[in-house]
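Q: For chain L, the structure is supplied; the task is to place chain G on it using the hints.
As a plain string of letters, each chain reads:
Protein chains: 2
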Amino acid sequence: MEQRITFFTLGVKDLTASIDFYENKFGWKRAEMSNENIVFFELSGNYLSLYAREELAKDATVDSAGEGFKGFTLAHNVWSEQEVDDLIEYLRVRGVKVMKEPQKVFWGGYSSYVADPDGNLWEIAYNPYLKND
Amino acid sequence: MEQRITFFTLGVKDLTASIDFYENKFGWKRAEMSNENIVFFELSGNYLSLYAREELAKDATVDSAGEGFKGFTLAHNVWSEQEVDDLIEYLRVRGVKVMKEPQKVFWGGYSSYVADPDGNLWEIAYNPYLKND
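Protein chains in written order, with numbering that gives the first Met the number 0: chain L, 0 to 132; chain G, 0 to 132.
Hint data in this document are derived by calculation from the structure and do not stem from the laboratory. There may be inaccurate statements among the hints.
No copy labels: a pair is met if it fits in one copy or bridges any two.
Computed list of lysine-lysine pairs in DSS-like fashion (alpha-carbon distance at most 30 Å, straight line) [unchecked claim]:
(1) K103 <-> K12
(2) K99 <-> K12
(3) K130 <-> K103
(4) K12 <-> K57
(5) K12 <-> K96
(6) K130 <-> K28
Note that this is a predicted model, so its numbers are computed, not measured.
Bound conformation, chain L alone (with noise of 0.2 Å):
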C-alpha cells in the first residue's frame, strides 16, 4: 500500500459556513473539481474537502452522532515565529477563534491553535527542525 493520503475529509455542519471560513478567513481558493455539494482545496500533493457531515457519515455507513474531542489536528507551518504571530493576527482580525495564542512549546517550537466553524482544530506552527523544500 502505496504511503499516500489523497483527500483529507472534513465533514462539516454547515457547508456554507465552513466554505465561507476556509474561501475568507484562511483566503483559499476552491479547485475547478468542487461542485454544490463538496468542496475541494488543492494542497500540496492532496485535498483538503468539505462534505456534509451527515451525508460523510453516511458514505462511511456509520452514524454520524458524535462530540467532544474529534482526536485529530491540522497543522500549516510557517517559516519563523514571526510568521505565526503575523498570522494569527491576520486570522483574529477576520474573527478567526484563536484557541491557543502562538507560544514556545516543549519540543522546541512556536506555536498556536485556531478553530474551524466546527471547531477543528489548525495548528499554526514554526518547526526550526523542519526544512522548507
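A: Chain G in isolation, oriented as in the chain L frame:
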C-alpha cells in the same frame, strides 16, 4: 495564508497499537524525525502523524473527552476498481476491519472503507475523474 497542510495528526489511544497498524498492516515506513512519543509518515507534500490523544488535546488546550463520529475521513485513492478490490483483500487478510465493502458509488467512483484501531475511517477509492499525476 498559503494553501498548505503540513501535518495531519491523529490523537490515538494506544500509540503502540497505532504504530503497529500503520507499519504492519498498511506497510508504511516511519520518517527519520519520528521519536518514541510521536511518529511521522511522509506523504507526497505533507505528513501523517500519530501522537497520544491526551497529549494532542493538551497541546491544543482542549478537553480530550469525545466519542462517536469524528467528522472526518482520510482517502487513499488508487487507479482502478481492481486495485480497490486488491488492496481491500490485502488489508483484510492482515486483520484490518473492513467497514464498507468495495462498491460503485453515486458520484461515479468505486469505494470502500476500513478503520484503524481508533476507528479512524480510511476510504480506499477509485475516482475515474482524478488524474494520476
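Q: First find the shortest C-alpha distance between K130 and K28 inside one copy, then the shortest across copies, and answer within, between, both or neither for a cut-off of 30 Å.
A: both (25 Å within a copy, 19 Å between copies)
Q: Within, between, both or neither: how does the pair K12, K57 come out at a Cα-Cα threshold of 30 Å?
A: Classified as both; 14 Å inside a copy, 25 Å across copies.
Q: As a check of your reading, is K99 near K12 (CA-CA no more than 30 Å) within one copy, between copies, both or neither?
A: both (23 Å within a copy, 23 Å between copies)
Q: For K130 and K103, with the copy left unspecified, which applies at a CA distance of at most 30 Å: within, between, both, or neither?
A: within (19 Å within a copy, 41 Å between copies)
Q: Quick one: K103 to K12, C-alpha cut-off 30 Å, is that within a copy, between copies, both, or neither?
A: Classified as between: cross-chain Cα gap 26 Å, same-chain 33 Å, threshold 30 Å.
Q: Within a copy, between copies, both or neither: where do K12 and K96 come within 30 Å Cα-Cα?
A: both (17 Å within a copy, 27 Å between copies)
Checked against the numbered hints above, the structure violates none of them.
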